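Protein chains: 2
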Amino acid sequence: METQTSAKPTAEKELFIKMVISNWELQNARFNKLISKLTDEQLSTATAPDRNTGVWILGHLIAVNDGMIPLLGLGEKLYPELEAPFIGEANKPGVTAPPLAELKQKWEQLNVKLTQYFTALPADEWFTRHNSISPEDFAKEPHRNKLNILINRTNHQSYHLGQLVYLDKKQ
Amino acid sequence: METQTSAKPTAEKELFIKMVISNWELQNARFNKLISKLTDEQLSTATAPDRNTGVWILGHLIAVNDGMIPLLGLGEKLYPELEAPFIGEANKPGVTAPPLAELKQKWEQLNVKLTQYFTALPADEWFTRHNSISPEDFAKEPHRNKLNILINRTNHQSYHLGQLVYLDKKQ
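These protein sequence lines are chains A and B, in that order.
Residues in the first sequence are numbered consecutively from 3, following the working numbering.
Residues in the second sequence are numbered consecutively from 3, following the working numbering.
Derived by calculation from the structure, the hints in this document are not laboratory data.
On a predicted model such as this, the values are computed, not experimentally measured, just so you know.
Take these hints with a grain of salt, some might be off.
The list makes no distinction among identical chains, and a pair is therefore deemed to hold if it is satisfied within one copy or across any two copies.
[Unchecked claim] Here are the computed lysine-lysine pairs in the DSS-like style, where the Cα-Cα straight-line distance is at most 25 Å:
id: 1; residue 1: Lys172; residue 2: Lys115
id: 2; residue 1: Lys79; residue 2: Lys171
id: 3; residue 1: Lys79; residue 2: Lys108
id: 4; residue 1: Lys20; residue 2: Lys94
id: 5; residue 1: Lys94; residue 2: Lys171
id: 6; residue 1: Lys172; residue 2: Lys94
id: 7; residue 1: Lys39; residue 2: Lys115
Between the sequences and the hints, there should be enough to build the whole structure, so can you do that?
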């Protein structure tokens, strides 16, 4: 530790947080634009032969991003019932998924809620341990913090956006 | 500006840089694992009907990631000749692309070079302006810095990884 004159560390952290949240918002904007362009029929189609449908990708992203709420210690999942149909293998026997219109609504509501949580989280908190790394491991790998989860989930969403775009007609 | 006792700002920046580079490395590791698993025949196949091949995605990622070198002010592109075949529309008339074996080699060499550049870049430099934003805009939006380019390009790579995985046999 040293004493020195510098910009407040919090201001630097806030800049990092803004970079990560901006990239998440950018991916959300792209995803939303595509979802609103595709018809329900297109969204119900497989993105490639024998691959997941647009509806599954939407449900999967809700379930995975909703999982950030407990993982970051922000609260409880909004839609725990989406885990069974949308995490792991698609079309599990005996598991039913909500209709598309409901999923679209849940996606919007989840993003409103996540934005609220993210805005309210103090800068220092973003650099603390998330709930799937042990205190011992975190002491050794402090880059595996809460903000890192959001970087990771943004990449996960980009991965599926690359698949969803296959439902769009070629220009 | 305030004087206060705190961790060195450089240490905070270094942690954040590590987060971003680790995520880039994670996406590279996943991409490399998939590329080495797929046969040349699979890679030459369209990822979905009437969509890009694995070879095009590989060439495209080399061309785009290579573009980070001048954009970040690190030097000249290694493979400027890949811009014509792999940026913009695929299969442009009169444009030929190098064979797959050569692309695989260029991908590896590019990642070695990028790793060298990224490791050598001082922490403070990562938070400076990149070459496609004006000084005026950067003054207003300091989060659009060099490190932000790497976050963005990592998401771009994830997007195409989600497509490339469609060449893999279903488990």
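Hints, one by one, checked against the model:
no. : hint              : result
1   : Lys172 <-> Lys115 : neither (34 Å within a copy, 35 Å between copies)
2   : Lys79 <-> Lys171  : neither (35 Å within a copy, 33 Å between copies)
3   : Lys79 <-> Lys108  : within (12 Å within a copy, 44 Å between copies)
4   : Lys20 <-> Lys94   : neither (39 Å within a copy, 39 Å between copies)
5   : Lys94 <-> Lys171  : between (29 Å within a copy, 20 Å between copies)
6   : Lys172 <-> Lys94  : between (32 Å within a copy, 16 Å between copies)
7   : Lys39 <-> Lys115  : within (24 Å within a copy, 40 Å between copies)
Hints 1, 2, 4 from the list above are not met by this structure, while the remaining hints are.
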